[in-house]
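Each step along the sequence shown adds one to the number in this note's numbering, with nothing skipped, and position 153 is 354.
A portion of the hints provided could be inaccurate.
[What the hints assert, rightly or not] Within a straight-line C-alpha distance of at most 20 Å, the following computed SDA-like cross-link-like pairs (lysine to any residue) qualify:
no., residue 1, residue 2
1, K306, R347
2, K393, R362
3, K272, P316
4, K306, V328
5, K272, D315
6, K393, I285
7, K393, A278
8, K306, I331
9, K272, Q230
10, K393, F351
11, K393, H226
12, K299, L287
13, K272, A289
14, K299, I331
15, K393, Q230
16, K306, A264
17, K299, T322
18, K393, I229
19, K306, G251
20, K306, V333
21, K393, A216
22, K393, A264
23, K306, A295
24, K393, D222
25, K393, S372
26, K393, F280
27, K272, G251
28, K306, L365
29, K272, D288
30, K306, T329
31, K306, V262
32, K272, S318
33, K272, A256
34, K299, D335
35, K299, P334
36, K393, A374
37, K272, R312
38, K299, T361
39, K306, N292
If you are wondering where the hints come from, they were derived from the structure by calculation, not from laboratory data.
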Amino acid sequence: MLALEMGGNNALIVADAADIDAALHVIIQSAFISAGQRCTCARRLLVPRGEQGDALLQRLVEASAQIRAGKWDDQPAPFMGGVISLDAAQNMLAAQQKLEGLGGKVLLRMRQPDPRSTVLTPGIVDVTGIEVPDEEYFGPLLTIIRYDGFPEAIRLANQTRYGLAVGLISSDAAQFDQLADEARAGIVNWNKPLTGRIE
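Sequences are here, hints too, so could you generate the full structure?
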């Protein structure tokens, strides 16, 4: 297999989160594995409006706040290590501040516990209804966009110039078929992390 990656502003669509634990596994692995530094990491999480979406977001914030971030040799071993450099860490903090300045609602604030370290904690910002730059955040920063109806979710997922990856959490195979047909992305995953290969 030949894989060429040029960056990504990848969307993960949650259409059905009846099994919240399973959905959380996919989301956290998609957004925060390798401290969010894989080109295929989820940058945008599309969540339906309503009680089910609200419940998912509450659990996501709670679970993400418990993620252990630390140095590679810390014991017990952290889930996330540091980003590539101190400059990268500062860029991520600046990106979070920029989103907040545009009107984003910080659900979980990304922090740098030690200013001499590249380790960052996960950040989650709700940017629903806000015009934000189509940028790749190469670190543990996840944006949330609420949507009404699956067609709108696909439209929002396609609002990027990158077209690398998109994913779907749903029990409905027809929704995956529709996404596979309409997504402007080279990788389309179903009920698995965006950072994993298609099987």
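Hints versus structure:
Of the supplied pair hints, the one linking K306 and R347 holds, its CA atoms being roughly 12 Å apart against a limit of 20 Å. This hinted pair does not check out: K393 and R362 have alpha carbons roughly 23 Å apart, beyond 20 Å. Simply put, K272 and P316 have alpha-carbon atoms about 13 Å apart, close enough for the 20 Å limit, and the pair holds. Our distance criterion of 20 Å between C-alpha atoms is met by K306 and V328, whose separation comes to about 7 Å.
Of the supplied pair hints, the one linking K272 and D315 holds, its CA atoms being roughly 11 Å apart against a limit of 20 Å. Pair hint K393 plus I285 does not hold up; C-alpha atoms about 26 Å apart against a cutoff of 20 Å. For the hint linking K393 to A278, the alpha-carbon distance of about 24 Å lies beyond 20 Å, and the restraint is violated. This hinted pair checks out: K306 and I331 have alpha carbons roughly 10 Å apart, not beyond 20 Å.
Between K272 and Q230, the direct Cα distance comes to roughly 19 Å. Compliance with the 20 Å bound is thereby established for this hinted pair. The suggested pairing of K393 with F351 holds, with an alpha-carbon distance near 19 Å, which does not exceed 20 Å. With a C-alpha separation of about 9 Å, the suggested pair K393 and H226 falls inside the 20 Å cut-off, and the hint holds. Between the alpha carbons of K299 and L287 the distance comes to roughly 18 Å, so the proposed pair stays at or under 20 Å and holds.
Taking the CA atoms of K272 and A289, the gap is near 16 Å; set against the 20 Å cutoff, the hint holds. A hinted pair counts as satisfied when its Cα atoms are at most 20 Å apart, and K299 with I331 qualifies at roughly 12 Å. A distance of roughly 9 Å separates the Cα atoms of K393 and Q230; the hinted pair therefore holds under the 20 Å criterion. For the hint pairing K306 with A264, the CA-to-CA distance comes to about 18 Å; that is within 20 Å, so the pair holds.
As the CA atoms of K299 and T322 are separated by approximately 17 Å, the hinted pair is consistent with the 20 Å bound. Under the criterion of a C-alpha separation no larger than 20 Å, the hint pairing K393 with I229 is consistent with the structure, at around 11 Å. Between the alpha carbons of K306 and G251 the distance comes to roughly 18 Å, so the proposed pair stays at or under 20 Å and holds. In summary, the hint linking K306 to V333 is supported, as the alpha carbons are separated by about 13 Å, within the 20 Å threshold.
With a CA separation close to 13 Å, the supplied pair K393 and A216 stays within the 20 Å bound. Of the supplied pair hints, the one linking K393 and A264 holds, its CA atoms being roughly 18 Å apart against a limit of 20 Å. At most 20 Å may separate the alpha-carbon atoms for a hinted pair to count; K306 and A295 meet this at roughly 15 Å. Proposed proximity of K393 and D222 is supported: the alpha carbons are some 13 Å apart, at most 20 Å.
A threshold of 20 Å between alpha carbons decides the hint, and for K393 with S372 the separation of about 12 Å falls inside it, so the pair holds. Distance check on the hinted pair: K393 and F280 sit about 18 Å apart at the alpha-carbon level, within 20 Å; holds. Between the alpha carbons of K272 and G251 the distance comes to roughly 38 Å, so the proposed pair goes past 20 Å and is violated. Restraint check for K306 and L365: not satisfied, since their Cα atoms lie roughly 26 Å apart, outside the 20 Å limit.
A distance of roughly 17 Å separates the Cα atoms of K272 and D288; the hinted pair therefore holds under the 20 Å criterion. Our distance criterion of 20 Å between C-alpha atoms is met by K306 and T329, whose separation comes to about 9 Å. Between K306 and V262 the alpha-carbon distance is near 13 Å, which keeps this suggested pair within the 20 Å criterion. Restraint check for K272 and S318: the C-alpha separation of about 9 Å stays at or below 20 Å, so the hint holds.
Simply put, K272 and A256 have alpha-carbon atoms about 32 Å apart, too far for the 20 Å limit, and the pair is violated. Our distance criterion of 20 Å between C-alpha atoms is met by K299 and D335, whose separation comes to about 13 Å. Proposed proximity of K299 and P334 is supported: the alpha carbons are some 10 Å apart, at most 20 Å. Restraint check: the Cα-Cα separation between K393 and A374 comes to about 14 Å, which is no more than 20 Å; the hinted pair holds.
A distance of roughly 15 Å separates the Cα atoms of K272 and R312; the hinted pair therefore holds under the 20 Å criterion. Restraint check for K299 and T361: satisfied, since their Cα atoms lie roughly 19 Å apart, inside the 20 Å limit. Pair hint K306 plus N292 holds up; C-alpha atoms about 19 Å apart against a cutoff of 20 Å.
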